[in-house]
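Q: These are the residues of each chain, in order.
There are 2 protein chains.
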Amino acid sequence: MRRLEMSDAFALVLKRSRQAKGLSQELRAEKANLHPTYIGLLERSLRNPSLNVTKALANALGVPLARLIAEAEAAQKGKGR
Amino acid sequence: MRRLEMSDAFALVLKRSRQAKGLSQELRAEKANLHPTYIGLLERSLRNPSLNVTKALANALGVPLARLIAEAEAAQKGKGR
Chain A
1 MRRLEMSDAF ALVLKRSRQA KGLSQELRAE KANLHPTYIG LLERSLRNPS
51 LNVTKALANA LGVPLARLIA EAEAAQKGKG R
Chain B
1 MRRLEMSDAF ALVLKRSRQA KGLSQELRAE KANLHPTYIG LLERSLRNPS
51 LNVTKALANA LGVPLARLIA EAEAAQKGKG R
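Chains as they are written, first to last, in our numbering: chain A, 1 to 81; chain B, 1 to 81.
No wet-lab data here; the hints were simulated from the structure.
You may find that some hints are simply not true.
The list treats identical chains as interchangeable, and a pair is accepted whether it falls inside one copy or across any two copies.
Subject to a maximum C-alpha distance of 27 Å in a straight line, what follows is the list of computed DSSO-like cross-link-like pairs (lysine-lysine) [what the hints assert, rightly or not]: (1) Lys77 <-> Lys31; (2) Lys77 <-> Lys21; (3) Lys31 <-> Lys15; (4) Lys21 <-> Lys31.
All figures in this text were calculated on a predicted structure; none of them were measured in a lab.
With the hints as constraints, model all of the structure from the sequences given.
A: Structure representation (structure tokens):
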């Protein structure tokens, strides 16, 4: 099994947080000023986003980036669960 | 004055944390498996690192990435101070 990279763990958290807020990929993309296709790639762990992109995504969700990162680090330790 | 991007704030925190641990750019680069030149560029805010790179840097410092990000977000709010 492939090791869970930070970008993989972040992808999980990203999708979970977006769904918890009831946001579509499209609306979220608009809020973060990113292309919906790019959001889809991120959520499927097909991109390793830059720090500034992760911050824009956190802003679009209205949460501190540190919180998303802490959740991603917890997911990494728990092997993604 | 230019707005403090997340990558700028992270650069400040990165340099501060490295110096607090008494690590050279070279040693830190080696621990993070990155080139010393790249570390220098990051610390001078000349690169917007990927999420996986920021995680490798946090690991090299032995701290959670979420902590560095929280400090960077605080620095952003405080306009870098």
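Q: Hint by hint, note whether the structure agrees.
A: Against the structure, the hints:
1. In this homomeric assembly, Lys77 and Lys31 come within 27 Å of each other (Cα to Cα) only across copies, at 20 Å, whereas the closest approach inside a single copy is 30 Å.
2. Taking the closest pair of Cα atoms, Lys77 and Lys21 come within 27 Å of each other both inside a single copy (25 Å) and across two copies (25 Å).
3. For a Cα distance limit of 27 Å, the shortest separation of Lys31 from Lys15 inside one copy, 15 Å, qualifies, whereas the shortest one across copies, 31 Å, does not.
4. Taking CA atoms no more than 27 Å apart as the test, Lys21 paired with Lys31 passes inside one copy only; the shortest distance there is 13 Å, against 38 Å between copies.
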